[in-house]
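Q: Residue numbers (our numbering), protein chains in the order written: chain A, 1 to 351; chain B, 1 to 320.
What the hints contain is simulated information worked out from the structure, not anything from laboratory work.
Cβ atoms here follow ideal geometry from the backbone N, Cα and C, with glycine treated the same way.
Treat the hints with care, as some may be off.
[What the hints assert, rightly or not] To be clear about the criterion: a stretch of chain B counts as covered by chain A if any three or more of its residues have a C-beta under 8 Å from a C-beta of chain A, and this derived list gives those stretches: (1) 130-136; (2) 267-278; (3) 303-309.
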Amino acid sequence: MSQALLTAKPQYPWKLTPKDLLTDLAGAVFALISTLAIVGFSPLKGKLGFALTLIVMSILTATVISWVRRDRKAAINSSTTVLVYIAASFVIIALASVLYEIIRLGAPGFSLSIFTKDMSQTASDMPLTEGGLLHAVIGTGYLVLFAALFATPIGILTALYIVEVKGRFAGTVRFFVQAMSGVPSIVAGLFIFAFWMIQLGNAYSGLAGCFALTVLMIPTVARTAEEVLKLIPQDLREAGLALGATQWRTVAMVVIPAARSGLITAVILGIARVVGETAPLLLTIGGADAINLNPTSGNMSAFPYYVWKNLLIGSENAVSRAWLGVFVLMILVLIFFALARYFGAAKGSRK
Amino acid sequence: MPKTIPAPRKITTQPRFTDKVFRGVVTSGGLFAGLLLGLIGFFLVFNGFEAMRAAGLSFITGFDWVDAVPEDGQPASYGIGAMLYGTMVTGILAMIMGVPVAVGTALFLSYYAPEWIKKPMVVVVDVMAAIPSIVFGLWGYFVLMPHAEYWAKLIHKYFGFIPFFDMPAPVFTRSPFIAGLVLAIMIIPIVTAVSREVFAQTPLERIQAAYALGATKWTMIKAVVFPYGRGGVIGGAMLGLGRALGETVAVYTVLNLVYDIRIEVLLSAGGNVASMIVNKFGEADPVELQALMGAGFVLFLVTLGVNFLANFIINKTARE
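Input sequences plus hints: build the corresponding full structure.
A: Below, the structure written as structure tokens:
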């Protein structure tokens, strides 16, 4: 009784057959070659001409192949797929260009001596071996430190108010904070100028800059902290309350420790948001070429201000200085970015 | 000797003293953050009121920004009409150029990207969001502008018959087109992020239903993802617009401020409220400073309105 065992051969209709792959490859090669041919033999020239022709040719080729292989719907699908890939590659090209140019134009001026000298004895036009940006390092250090000191408590309290206390105005506060994250940075600068300088009669100082940055940092910290607190399971809070803890003990001993790395992420994201802010500083810190160790009085400098000043001077060495400033600023931003991702990832793995 | 049991605690629904303090502190912190927005508006109005009252409606509609010249008896005349118009133009240009790319990128991340490219691509978009505006300003001026100038010349050459692309004078640098291009790149991350968030909420069973009916990827997106996420994409685009309207430093470096209303977007003449504030702030006398505060207040109101609307649309879409 040897009945032939019928085994259905598994089929993978979604996988491309070698023949399909070959056609796709041939299409890609055709698009490239025809683009080269068109750019070579027609008035279209340069990188732009090449890119435009390549886009048109690759859409055309993909469409024709799909149409021949299947139908009109498949052809439309192919052309939109190519368009979506092109959109994504635009983003990559833009970022790659920004980073590449920062390194190309900023890195040559980089040396450790720039962290030991300021610009008090050096004109911007002098070669980059003279002077440095120690004053900007100190200024940005103060600004970020104090802005974080002011914005962290307020931001986290706001998040606690929305998530834990759930007060009567929780919805309103949430909506206002959300809208505040869209306030233009120049408006924050004007606000501090109107309040701190005009109304209270203070002069330019690092502290005024800190206030402006605090205004910009609060929404970022509050919104990120809110997201983090919402992720803490309700069971944890109820366990705390069931053990007889007051709400204060529950929040302080259970919720905040559980959310710690997320809250750190919130603060770092806030710092990354404000460390490169320029416009509010133009109205508040006054700018300086010498080191100022006192954040509460006297003009202060900062990385963005240093870049701005040298950009406006516009001579060759000054522009190189601006790129150098941008280079250092970008390294700083990326460090904060990496830190935020590190703490954010740590939160995910512990859960 | 019987042990003394502690007296039973009084059962009460009243919060303890520590909780009252805790709630008080948290509430005041939260309310302060909420009030801050009102404080910003109040101080800008308070300091700019005099200038706005003096100029009346022409503060919004006037095209002049002239300081008083007492010797000639010429009064000051402050109007931000041209700047406001220019802000709108660059903002809309940024939307036209940036939103399609951002939505395409969001679609790519949600439905097209292979797993191995998805994570790096998310990092790319996040890094882009973290780049300070001064960096975009520098890059836009020194790197993008020479290219964009060439593109503008091409557009003018082939589409010059359209009034927008006409050129009264052959100066292509620092035009609203270039400012819009830089702003488009700057708003891509936020529009992408919001669009991706709504796309991710599209119900899986509807997507699978579309596929089961034989839809291609694009027909599925057209029939399921877009109708479902339309509100989110519009809201995200408006959040981007809000950012673009308030951007200062990057626009200042790549835009030539001219107090005139022009529809030619390729010409080196544009306006921007935020850039004007930075431009005039340095040598402003107290009266002009008041006018600048007024300009800041108008900018504040416009961006706030756009943001309120955007958040309203997004929250509404997210809840549904």
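Q: Hints broken by the structure, by number, lowest first?
A: none
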